[in-house]
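Sequence order for the protein chains is A and B. Going by the numbering used here, 37 is the number at position 37 of the first sequence; the sequence numbering is gapless. Going by the numbering used here, 1331 is the number at position 331 of the second sequence; the sequence numbering is gapless.
For the record, the hints were derived by calculation from the structure and aren't laboratory data. None of these values were measured; they are calculated from a predicted model. Virtual Cβ for every residue (Gly too), placed ideally from N, Cα, C. There may be inaccurate statements among the hints.
Computed footprint of chain B on chain A; a stretch qualifies when at least three of its residues, placed anywhere within it, have a C-beta under 8 Å from a C-beta of chain B [what the hints assert, rightly or not]:
| no. | region |
| --- | --- |
| 1 | 109-118 |
| 2 | 222-234 |
Not everything, but these chain A residues come out facing chain B in the computed CB check (under 7 Å) [as the list claims (entries may be wrong)]:
| no. | residue |
| --- | --- |
| 3 | 69 |
| 4 | 71 |
| 5 | 73 |
| 6 | 91 |
| 7 | 145 |
Computed list of lysine-lysine pairs in BS3-like fashion (alpha-carbon distance at most 25 Å, straight line) [claimed, not checked]:
| no. | chain 1 | residue 1 | chain 2 | residue 2 |
| --- | --- | --- | --- | --- |
| 8 | A | 46 | A | 110 |
| 9 | B | 1341 | A | 123 |
| 10 | B | 1341 | B | 1258 |
| 11 | B | 1251 | B | 1144 |
| 12 | B | 1292 | A | 110 |
| 13 | A | 178 | A | 46 |
| 14 | B | 1341 | A | 110 |
| 15 | B | 1251 | A | 110 |
| 16 | A | 123 | A | 110 |
| 17 | A | 198 | A | 123 |
| 18 | A | 198 | A | 110 |
| 19 | B | 1154 | B | 1144 |
| 20 | A | 123 | B | 1258 |
| 21 | B | 1258 | B | 1154 |
| 22 | A | 110 | A | 230 |
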Amino acid sequence: MVALAVAGPITYPAVGASLDVEHVSHAFDIDGSVLPVLDDVNFSAKPGEFVALLGPSGCGKSTLLRLVAGLEPPRSGVLREDGDPVTGPFPSRVVVFQDPTLFPWRTVWKNVALGLEAQGILKTQRQRVDDAIDLVGLSQFRNAYPHQLSGGMAQRVALARALVNDPRILILDEPLGKLDSLTRITMQAELVALWQRKGFTTLLVTHDVEEALFLANRVIVFSDRPARIKADIAVDRPYPRHRGDPRLAELRRNILGLLGLDATW
Amino acid sequence: MSTYSASKAVAIPQSVEEGAAFAGRPLSLPASFLANGAAVFASVAWIGFGLSCLWWVDLADWPRTHALAIAAFVIAGGILVATLSAPWLGRFGPALQQRAPWLLALGLFLTVWEVATAKLAWLPLPFFPPPQAIIEVYTDDLPKLLDSVFASIKLQLGGYAIGAAVGFLTGVSIGWSRGVGYWVHPVLRFIGPLPATAWLPFAFFTFPSSWSASTFLIALATGFPVTVLTWSGVASVNNAYYDVARTLGAKPWFLVLKVAIPAALPHVFVGLFMGLGSSFAVLVVAEMIGVKAGLGWYLQWAQGWAAYSNMYAALIVMSLLCSGAITLLFRTRDRLLVWQKGVVKW
Ligand SMILES: Nc1ncnc2c1ncn2[C@@H]1O[C@H](COP(=O)(O)OP(=O)(O)OP(=O)(O)O)[C@@H](O)[C@H]1O
Ligand SMILES: [Mg+2]
Chain A
1 MVALAVAGPI
11 TYPAVGASLD
21 VEHVSHAFDI
31 DGSVLPVLDD
41 VNFSAKPGEF
51 VALLGPSGCG
61 KSTLLRLVAG
71 LEPPRSGVLR
81 EDGDPVTGPF
91 PSRVVVFQDP
101 TLFPWRTVWK
111 NVALGLEAQG
121 ILKTQRQRVD
131 DAIDLVGLSQ
141 FRNAYPHQLS
151 GGMAQRVALA
161 RALVNDPRIL
171 ILDEPLGKLD
181 SLTRITMQAE
191 LVALWQRKGF
201 TTLLVTHDVE
211 EALFLANRVI
221 VFSDRPARIK
231 ADIAVDRPYP
241 RHRGDPRLAE
251 LRRNILGLLG
261 LDATW
Chain B
1001 MSTYSASKAV
1011 AIPQSVEEGA
1021 AFAGRPLSLP
1031 ASFLANGAAV
1041 FASVAWIGFG
1051 LSCLWWVDLA
1061 DWPRTHALAI
1071 AAFVIAGGIL
1081 VATLSAPWLG
1091 RFGPALQQRA
1101 PWLLALGLFL
1111 TVWEVATAKL
1121 AWLPLPFFPP
1131 PQAIIEVYTD
1141 DLPKLLDSVF
1151 ASIKLQLGGY
1161 AIGAAVGFLT
1171 GVSIGWSRGV
1181 GYWVHPVLRF
1191 IGPLPATAWL
1201 PFAFFTFPSS
1211 WSASTFLIAL
1221 ATGFPVTVLT
1231 WSGVASVNNA
1241 YYDVARTLGA
1251 KPWFLVLKVA
1261 IPAALPHVFV
1271 GLFMGLGSSF
1281 AVLVVAEMIG
1291 VKAGLGWYLQ
1301 WAQGWAAYSN
1311 MYAALIVMSL
1321 LCSGAITLLF
1331 RTRDRLLVWQ
1341 KGVVKW
């Protein structure tokens, strides 16, 4: 994997869009009772910024991502992409879901081609599909069906399926959660390289504090459900980062403290 | 499959190990015989069938007995020759070897049948005709039988195609749209479980021709299972697929055509299969009662004239057609649903 040496202040290409989450609250109705999930969440991401979202399981991170994607409207508050309110899904904001959710009846190539096909531009842009598959290193498997892939490969196909659309905001919901630790480390490095090359704004949900610190410009820590922002921490270290960096270790201790694990760590 | 190689058999062993291996080699001859044994016995069984035709005198006048005996000998010879030349026959060799036990069983069955009917009359005669009587039907009554086959295929194809298409479209609409579901679901519930044959009297006096009435009945019998299974297939599509497609810019038509329908296709094929079964039943009944053509009608006619050989001949053709149709459907499914290989075991 190429480790791009980027020294000094990071400059973002203009690809990424800004994202504003303004006083967003959300709740679900379960059996007649209301389950509040997001409580006045308020933050924004600059164009090209990499923001990690950390929080306890079930606090509402995936829900927040669904709102950003436009799959559901929030109960209250507004989400904006480059200042325009989000009213529905749009291929400039692409999600890689917690499960790869590949279409089992499509080959790898056709899965990756899904977005371009849905937008009616596949005929003229087939090359982009090949490029995206090459990018995640699966060119040998373009005609394989999803059941013939390993879990990590399936997750990489899901990533290619998102990237082929040249998103302005890439929304990642624990995309590496189910991978073994080796694949995971490789894919983290690949993700950083990709993000630096393409310059999209990235929103990453993860359970893994180290992963958040290794990848993100900022880490937002959520409380238990209903999710409120507990802390918004800037990770002021240049890329490529080193896992042994003492500053990252210090931040890690802080964040684990915020998540209520200080006694044991 | 073992081929006995002469060059190896005459080679002089160079060492002790090789000598031992050499000593082991002759075993391959009985092994090859065992592998082909079933085919050899099958050949013998068919010779036996041919001989059984000639050995005794027929109890009645059947002009095809000699021809049948000759055919049996030809088949016996064919099996033997094909088995001996199997190594040069490519894929056909193993295919024959695999089917040899069945050929053997068939030869034995035909021999017993021949002896039990035409020769010793263990089975009462007009009701259990010998093989040569059925062969006679195929040679002497061929035009009428073929007409019936074509009439049946035409009727079945038309009704099945209409029923499958309407059922598929209805199923997709109910599964997709709540509004359509609200109106169609109760109707389906009320009318669907009724056996299509119960509509027979109604159909035959409302429709202009018995042919259109039968087409309607066959379509009805096909349509119900196809509708219900397509609907349940579309309704059970994982929402995550829609989410993925929507975030990638899919419009509703794309969600229906490229997500809902392919995901529901395995269910649709179950519906098509069930529809095929129930439409066969309706076809035969409709032909017996209304349409004066087709295999169902032929059966009815044969029974009316106590022409039992014709009846069996028609039954055999009918079962070949039905199983052929089902094989065709399965082939189509296997082709369309290759992605399911390894996901589900059929
Ligand atoms: N469609 C839904 N209907 C009802 N409740 C829901 C729905 N989706 C999520 N919830 C509830 O909202 C809460 C937050 O869910 P969410 O998936 O956002 O959690 P999460 O932070 O992503 O958790 P994890 O880290 O385990 O993935 C959960 O308690 C869940 O039960
Ligand atoms: Mg989640």
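Evaluated hints:
For a cut-off of 8 Å, the count of residues in the region 109-118 of chain A with a CB near a CB of chain B stands at 4, and the three-residue condition holds. With a cut-off of 8 Å between beta carbons, the region 222-234 of chain A has 0 residues touching chain B; three or more are needed, and the interface restraint is violated. Using the Cβ-Cβ criterion of 7 Å, the hint placing residue 69 of chain A at the interface with chain B is satisfied: the shortest such distance is roughly 5 Å. Interface hint status for residue 71 of chain A: upheld, as the beta-carbon distance to the closest one in chain B is roughly 6 Å, under 7 Å.
Using the Cβ-Cβ criterion of 7 Å, the hint placing residue 73 of chain A at the interface with chain B is not satisfied: the shortest such distance is roughly 14 Å. Among the interface hints, the one on residue 91 of chain A holds; its C-beta lies about 4 Å from the nearest C-beta in chain B, closer than the 7 Å criterion. Evaluation of the residue 145 of chain A hint against chain B yields a held restraint, the C-beta minimum of about 5 Å falling below 7 Å. Under the criterion of a C-alpha separation no larger than 25 Å, the hint pairing residue 46 of chain A with residue 110 of chain A is inconsistent with the structure, at around 33 Å.
Under the criterion of a C-alpha separation no larger than 25 Å, the hint pairing residue 1341 of chain B with residue 123 of chain A is inconsistent with the structure, at around 29 Å. Among the hinted pairs, residue 1341 of chain B with residue 1258 of chain B is consistent with the structure: their alpha-carbon atoms are about 20 Å apart, no more than 25 Å. Taking the CA atoms of residue 1251 of chain B and residue 1144 of chain B, the gap is about 55 Å. The hint is violated against a cut of 25 Å. Proposed proximity of residue 1292 of chain B and residue 110 of chain A is contradicted: the alpha carbons are some 51 Å apart, above 25 Å.
The straight-line distance between the Cα atoms of residue 178 of chain A and residue 46 of chain A is roughly 29 Å, outside the 25 Å bound, and the hint therefore fails. Distance restraint check for residue 1341 of chain B and residue 110 of chain A: the Cα-Cα separation of roughly 18 Å lies within the 25 Å cut-off, and the hinted pair is therefore satisfied. Annotation: proposed proximity of residue 1251 of chain B to residue 110 of chain A holds, straight-line Cα distance about 17 Å (limit 25 Å). Taking the CA atoms of residue 123 of chain A and residue 110 of chain A, the gap is about 12 Å. The hint holds against a cut of 25 Å.
At roughly 23 Å between alpha-carbon atoms, residue 198 of chain A and residue 123 of chain A fall within 25 Å of each other, so this suggested pair holds. A C-alpha spacing of about 23 Å is found between residue 198 of chain A and residue 110 of chain A, which places the hinted pair at or below 25 Å, so the restraint holds. Distance restraint check for residue 1154 of chain B and residue 1144 of chain B: the Cα-Cα separation of roughly 15 Å lies within the 25 Å cut-off, and the hinted pair is therefore satisfied. For the suggested pair residue 123 of chain A and residue 1258 of chain B, the alpha carbons sit about 16 Å apart, so the restraint of at most 25 Å is met.
As the CA atoms of residue 1258 of chain B and residue 1154 of chain B are separated by approximately 32 Å, the hinted pair breaks the 25 Å bound. Proposed proximity of residue 110 of chain A and residue 230 of chain A is contradicted: the alpha carbons are some 42 Å apart, above 25 Å.
The structure does not agree with the numbered hints 2, 5, 8, 9, 11, 12, 13, 21, 22 stated previously, though it agrees with the rest.
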